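Trainee: Spelled out from the first residue to the last, the chains are:
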Amino acid sequence: MSAALDTVCVQLGTDGGSRGDLWRWVFLAGLSCVLMGAFFLNLALGSVRIPLSEIATILTGGEASKPSWNYIVLAFRLPKALTAILAGAALAVSGLQMQTLFRNPLADPYILGINAGASLGVALVVLATGAATGFLSNVGLLGDLSLIVSAIAGASLVTGLVIVAARWLRHAMTLLILGLMLGYATSAVVSILIYFSVPEQIQAYITWTFGSFGGVTGRQLMILAPVIGAGLLLAGLLTKPLNALLLGESYARSMGANVRRVRFWLIAGTSVLAGAVTAFCGPIAFLGVAIPHLCRSLLRTSDHRVLMPATMLMGGLVALLADLVASVPGSRTILPLNAVTALLGAPIVVWIVLHRDGPRSNFAS
Amino acid sequence: MSEPILETDDLAIGYRTHRRTQRLVAEPVNLRLYPGELVCLLGPNGAGKSTLLCTLAGMQPPLRGQVRVAGTDPYHTSPRVLARRLGMVLTDRAEVGALSVRALTALGRYPHTGWSGRLTPRDEVAIDQALTAVGIAAFAPRLVHELSDGERQKVMIARALAQEPKLLLLDEPTAFLDLPRRVELMGILRRLAREGERAVLLSTHDLDLALRGADQLWLLQPGGSIQVGVPEELVLNGAFQAAFHGDGIDFDPCTGAFAFQRPPIGRIDLTGHDLAALWTRRALEREGFVVNGYEGPPSVMRVAIHDDDGQTVWRLHHAQSHQDYPTLSQAIRGVKARLSASITE
Amino acid sequence: MALLLSIVVRSNHRMLSALRRIVFGVLCVLILVGVALVEAQTTTPLTQNLTRACVEHYDPHIDYFPEKATLAYAKGFTLEYFKNYKILTVTMPWPNAKESFRYVLVQCGTPAPEGFGDSQVISVPVRSIVILSTTHLSHLELLGALDRLVAISTHDNVYSAAARQRIAADQVAEVGRGPSINLETLLDLRPDLVTAVGHDQPQYNSHPLLQNAGIHVVINSEYVEPTLLGRSEWLKLTAVFLNQDGLAQRLFTGMTQRYQAYAARVENLPTAQKPMVFGGFLNRDVWYVSGGDSYIAQLVADAGGVYLWADDRHRASIPLSFEAVYERAGDADFWFTSNQDWFKRADLLAANERYAAFKAFQEQRVYNNNARLNEHEANDYWESGIVEPDVQLADVIKILHPEILPEHRLKYYRWLP
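Line order of the protein sequences matches chains A, B and C. Take the first sequence: its position 109, counted from the start at 1, is 109 in our numbering, and no numbers get skipped. Take the second sequence: its position 190, counted from the start at 1, is 555 in our numbering, and no numbers get skipped. Take the third sequence: its position 313, counted from the start at 1, is 1023 in our numbering, and no numbers get skipped.
It is worth saying that the hints were derived from the structure and are not from the lab. Keep in mind the model is a prediction, meaning the values are calculated, not measured. Treat the hints with care, as some may be off.
[Unchecked claim] DSBU-like, lysine-lysine: derived pairs with alpha carbons at most 35 Å apart: (1) A:K66 / C:K1069; (2) A:K66 / C:K808; (3) C:K793 / A:K66; (4) C:K778 / C:K793; (5) C:K1054 / C:K1121; (6) C:K785 / C:K808; (7) C:K984 / C:K785; (8) C:K984 / C:K1069; (9) C:K984 / C:K1121.
Based on the sequences and whatever the hints tell you, model everything.
Mentor: Given below as structure tokens:
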């Protein structure tokens, strides 16, 4: 398998000319097919065994033998799979953007403290005293909606601070450190909240931090999908300046890129993408870091014109796979999503580092 | 004479350390750079070359005065417009990762392409020309990280050329290269300036190459003033020596090179006029001899270079006796031995 | 006697002196017997346990615990009685426990028995008690020992009005629980007994800290019992420390009889008439459903319902995915949820739209056990509910088969409109 992959990559990679480009687009087409396959696999497999023929019937608009199966496939598995694709693409793309902007192979979408801000918002709601939950219940805001709103509020707060700072700071490195420190500060506040909470509240909060695609209903998807779509579109428009940023901010400026403006849009785009995913699905680890590296390594290129669609597709694919593994088909139990993404992601990165030339050669540093 | 591509009027360059304090680096600066010229910006460390380049490129504002690149103020021009006039090559070794040479050069078309960065046939032609002008057309499909430092710098120059600029600014482009590469790069830059009707300004520490290759030198003195002129002029009027005068070294206008200041350990005469004589002279001078000095009595020692059936022989004459040496190394050792022997006598 | 004496006097003098000797002997014997009888009169056995006092003069022959408790349903602890001490062994301090805890309860005023160096030796009746779980509060109330409560883990979550009064009067301190328990306050109070709950996760347990500090602590974990009656029987565990064994025995017998009377009314129902019941709610991705061996399953069965996970062999809750729950319980008749924040079906919808897919939701047959909440968010289900298993059963029967108990009004369960 490794030899075959090598052959494919040799075809792809060493040739920087037009033949290499052609093979890259073929790879992308193949990736799309695998993505579709994984999508249907996610619809077919789950805690409950539903025969394939029934799945086909349901998807073509018919009634399955058990009416609960219709509901399970259409109202549960379908939104879950779509959410996985969107979230995976969003996280992978924003990870790519952050890695290029900060020229740091370890950067992920949460590097600007977005994750920490969302966690703070959720922690304030979940770990708040009983009086607050009573009030929220009366206002009809308790439950999923309150989690979403609070996560968005928290993420926006931190993002707002970072964006304001980005306008005045000269260097990306300063911004990075600022984001990291904001992240630490908010994590500290969350720790304090946890310390003073009762076990039930802590459990609810911790459960949120496990991440989940299954909590997004069809109606919520109608909000999430356009938001992520907008973020992905913005990322696509930023492909050209991202390529210029490969050489660093000084060179990018000398080639005609308005670095301050590009930086603003990159951060804004990442905030929207990562913030939306965190708000609806909880903080999901590892996809943002690992997928760009995986794509760079497989495609042997740093050119964002190819890398951008590749990370979108690959992100969706890996998220689907992670969700499939987390639902442990055939058994009644389920695993927390973040554990699965880390278990999938870590070996990927290790494999890349050991097997290929290493991230240095594939990557701007 | 055509319009200058780069000009400054009464420019004062420097930077702000705090909100109120300014550090003045150089003033007043009045420069003109015309198409077809290759100008080297020289100066000792800390004199302010980078600050000047940054100000000329519009990356920081001048403290006073004006800069004009192709008629516009670079600090207030949009980056995209400026990039069509000015291309830069910096010292940083940009690790771009897995991009092909052609792809990296194509990045130079940034100010000309639309939002998607898609390349039109016109862009492809410009890329081809840039690659050919620098002489790396054969490298086009290879990946950048597989190239040597010298080749990579050429790619960066090609990328800057692809912007089709009128002015090329290079900040110590030869810093990491070995001597043959440096010479080659200098040749390329000269050609680019002449044949492409561009102006090329580069800052460098390579004095020798600058003296030989530049049409003009802009010499930044430690005090903050700039002297402009053809290289030889700046040597003849002593500006070079003054700028680079340091502890223990001196610029020797005769040789056009730097030499260590040492009190001479002796005097020696040398006869012979060819290549061997030239290099024997250098070796003796490094040892600290004054060779063929014209003041005072004739020297006690004399080295004569003979041609003995195609073999060069060095003969050391000393006090009526002589000694033959088949190689220069042995001759030098012999001279030194003779000198120490004569001291102890 | 006088006639005999006159007959004897009428005979001759030799017979008279012999008779006098016999009479004297008989008199002596009578006196001795009388004295012995009098002495025997002072060792009368006790008729009641000493609930308020200590023993003044210890008598090793007396059984100081004439009222004893016997266990019928509880499997998590055992009781043994001796003349002046009882041995309480908690065999199931938490589920799947590998260790048990033995306590030697010595009647105050009598000497402790030898050979129990490794167990806690506690003098009973205890005069001051600290409870670390509000589930123990109802024991004290029922046994009339609320006045002996000196501290509780938290002032919130207390439903009992009487307890709230004492709290308001600053008679009950707050000490927390688990690793962050306030040892200083506890040591200052010097309670005779602390009742704690046992957890299989050692970091949640308070008893190691307390034992190290030399405070008597008993593990009172009624939640390990798989039956409702078994849970309620842990009342006796608290009672033995108060010497209220007899009262607890009587109370529990009453509970059992009432419980069984209710159960009898539905036990012969045909299966077709038994509605399908499920419970729990979704927490993010996981839906915890009570296992088939839990007391919930037992309760549903006793109430004439079919618990949909009765085939499961877990005592605790099992984590399931939404799919698994929906597939089995999508068409269930009744839903007993336990999320304390839900008061109407709209609350469920706000939490998760997918709840609307359950038939029990659509047909408005969702019930919650938060009918008795006070303004401090305390749920009486966990206080007096613990000692009213019969009322709980009646509630569930009323819900599942309203025609069988027409006059009963729901006490602990609330219908969600």
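Trainee: Of all the hints numbered above, which does this structure not satisfy? Sort the numbers upward.
Mentor: 2 and 3
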